[in-house]
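Residue numbers (this note's numbering), protein chains in the order written: chain A, 105 to 424; chain B, 105 to 424.
Everything labelled a hint here was simulated from the structure, so no lab data went into it.
Just to be clear, a hint being listed does not mean it is correct.
Identical chains share a label here; the pair holds if one copy fits it or two copies do between them.
[As the list claims (entries may be wrong)] Think about it this way: if two alpha-carbon atoms lie no more than 35 angstroms apart in a straight line, the pair counts; the simulated DSBU-like pairs of lysine-lysine are:
1. K145 to K223
2. K238 to K142
3. K415 to K223
4. K297 to K412
5. K296 to K223
6. K196 to K311
7. K196 to K407
8. K122 to K419
9. K145 to K238
10. K407 to K121
11. K238 to K401
12. K145 to K122
13. K197 to K145
14. K223 to K142
15. K223 to K401
16. K223 to K121
17. K296 to K196
18. K153 to K419
19. K416 to K223
20. K153 to K311
21. K196 to K297
22. K311 to K203
23. K121 to K419
24. K419 to K142
Number of protein chains: 2
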Amino acid sequence: MKRDNLADRLLDAVDEKKNPSVVGLDPRLWRVPDHLKKRAKMETDDPFKAAGEAIFEFNKGIIDGVHDIVPAVKPQVAFYEKYGVEGIRAFKKTIEYAKEKGLIVIEDVKRNDIGSTAKAYASAHLGEVDLIDKDALSFDGDMVTVNPYLGSDGIEPFVEVCEEHGKGIFVLDKTSNPSSSELQDLTTEDGKKIYEVMAELIDEWGKDLIGDRGYSSVGVVVGATYPEEAETLRDIMKNNLFLVPGYGTQGGTADDVIPCFNDEGYGAIVNSSRGIDYAYEDDEEYDPEEFDRASRKAALEMKDDIMKSLKKGDKVPEDW
Amino acid sequence: MKRDNLADRLLDAVDEKKNPSVVGLDPRLWRVPDHLKKRAKMETDDPFKAAGEAIFEFNKGIIDGVHDIVPAVKPQVAFYEKYGVEGIRAFKKTIEYAKEKGLIVIEDVKRNDIGSTAKAYASAHLGEVDLIDKDALSFDGDMVTVNPYLGSDGIEPFVEVCEEHGKGIFVLDKTSNPSSSELQDLTTEDGKKIYEVMAELIDEWGKDLIGDRGYSSVGVVVGATYPEEAETLRDIMKNNLFLVPGYGTQGGTADDVIPCFNDEGYGAIVNSSRGIDYAYEDDEEYDPEEFDRASRKAALEMKDDIMKSLKKGDKVPEDW
């Protein structure tokens, strides 16, 4: 049975893989193995096309390496947008390929704008767009990240598209970067942190999209680098899935992400990008040509690492 | 002499046109005149290509109609991103065409992310990107809008690229939409509004990019729909150019935008998108085929409207 609620689908996929971790696809061209770049250059004289092709082939290898281990991938659009038309072509092909391989695709786009423009973004990434005389799917991702700085106007058009098309969003709340405190940690005159105020809003935005498994298709981004804040936020947002970046290269540990999970071991997915994508660089077992196998190994290690911490916190899901 | 500070360039362009207004290029396909859509459909069987082509031809007409009147155009990327690869192609062609016509191009992208990712966005839109064995310009806009929710980490990579390449940014502060109050108007325990706290940060981020004319290439977005807040913000950010959306369709009037200008009549540019782009729909003087002339007329009316209010406020620049 195909679930029509994205949170249900995502939690089913987590159960199927017995793994709440997600692989970020952030292709930095200078770290893509040389053989892929050489091959791409031989196929075209257009350096942007070659860049796009090398990036897509890199992603394809990583997806092949991890698709049976993780429930979802998270391509970060900035690393594709860099290459303009050809980068966006690689982005779209990556989404298509990952979906073919049965993965849920979280487009990390952090889009945001006033209502009528937010609607355009939502239709582009999650819904259908109007062509000259018909409507059609465009990027057709499963979920996107969105930025809440503009308030409800900028979020509601996404929520509507999620409801109509069975898609989901993750709203930024407490982000993983060091300077996230500058705005997000300010205290209001009511004694609340901004990230707590936002949490109440996010909880509210997601109320109508709660699926059979108790979670809303409106999720939230909470950095692995802030475990104490995560504990507070888990209390406020009982029905929102946490997308947790910041594990690995950014400094967050498996223990740090445990507060993001509920007592039954659900409610969070943890992302690692650089640690998986470029695993081949530090792995003496594999040649650069075997980058996909190095990524697979790193993804398995990440799974084990998180499982160990879930066990320690007595939060392993019952049926796993 | 080519100015290497974007704020200087923009103010020179405002002086040259004697006009601080900007035309937003927000192509909504269903409002693009039929003859352009028919022509685009005849040229290709690919409906996404046809959409992109119709959009570009529409923009070309508007740019032809207004290029000698306004200093800058502001394409809103959401309306291009909708159409994936072909939409981005239209976006890039629009930037190129507007620059050929001597216009400054403000890409309204509201990008934001953690440092390493923000760097990718900055290089994509304002700087150079790394290809397989060389660097090259990608979108090569003059300015972009950025979202400050992540704090300094997400802004500094843009500031660095601005410095290196003579480009500029506008950071969202108090946005034009109704729900902007939900976060931006909260009061901190120190009695400051969030938009005031952000203003202090934006002022700080721009300190090293102040040009000969006293303004920084780090500007700020302040909605025309909030004139009182604009007055407060003008006081805090004495060296930051205001990009003022919300005039026209969104409800802001010419009088509302006057507080965004300094006493000499500088320091702000006012954007109108829908009111200019679709002027032909309500103008009985012109047929849809003459949409460019209707847009030109609307752009001239907007200029007059703002000039009248600048006069009323005794803020017309000395040499105009």
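Should K223 paired with K142 be assigned to within, between, both, or neither, using CA atoms and 35 angstroms as the limit? Result: close only across copies, 25 angstroms inter versus 40 angstroms intra.
Reference check for the pair K196 and K311, CA-CA at most 35 angstroms: within, between, both, or neither? For K196 and K311, the Cα distance is within 35 angstroms only inside one copy (31 angstroms; across copies 39 angstroms).
Indicate which option fits the pair K223, K121 if close means a Cα-Cα distance not exceeding 35 angstroms: within, between, both or neither. both (33 angstroms within a copy, 34 angstroms between copies)
Given identical chains, is K223 near K401, meaning Cα to Cα at most 35 angstroms, within a copy, between copies, both, or neither? between (40 angstroms within a copy, 29 angstroms between copies)
Within a copy, between copies, both or neither: where do K238 and K142 come within 35 angstroms Cα-Cα? Answer is between: at 14 angstroms across copies they meet the 35 angstroms cutoff, but 41 angstroms inside does not.
Since the copies are identical, ignore which copy is meant and state whether K311 and K203 lie within 35 angstroms (CA to CA) inside a copy, between copies, both or neither. For K311 and K203, only the intra-copy Cα distance (27 angstroms) is at most 35 angstroms; the inter-copy one is 46 angstroms.
Intra- versus inter-subunit Cα pairing at 35 angstroms for K419 with K142: Answer is neither: 46 angstroms inside a copy and 60 angstroms across each miss the 35 angstroms cutoff.
Alpha-carbon proximity between K145 and K223, which holds within one copy, between copies, both or neither at 35 angstroms: The answer is between: 25 angstroms across copies meets 35 angstroms, while 38 angstroms in one copy does not.
How would you classify K296 and K196 at a CA-CA limit of 35 angstroms: within, between, both, or neither? Neither: 40 angstroms inside a copy, 43 angstroms across copies.
Intra/inter-copy verdict for K196 and K297 if alpha-carbon distance must be at most 35 angstroms: So K196 and K297 fail the 35 angstroms test inside a copy (38 angstroms) and across (41 angstroms) alike.
Within, between, both or neither, where K238 and K401 count as close if Cα-Cα is 35 angstroms or less: Result: close only across copies, 32 angstroms inter versus 45 angstroms intra.
Between K407 and K121, at a C-alpha cutoff of 35 angstroms, which is it: within one copy, between copies, both, or neither? within (10 angstroms within a copy, 60 angstroms between copies)
Hints 3, 12, 17, 18, 19, 20, 21 and 24, counting from the list given before, are not met by this structure.
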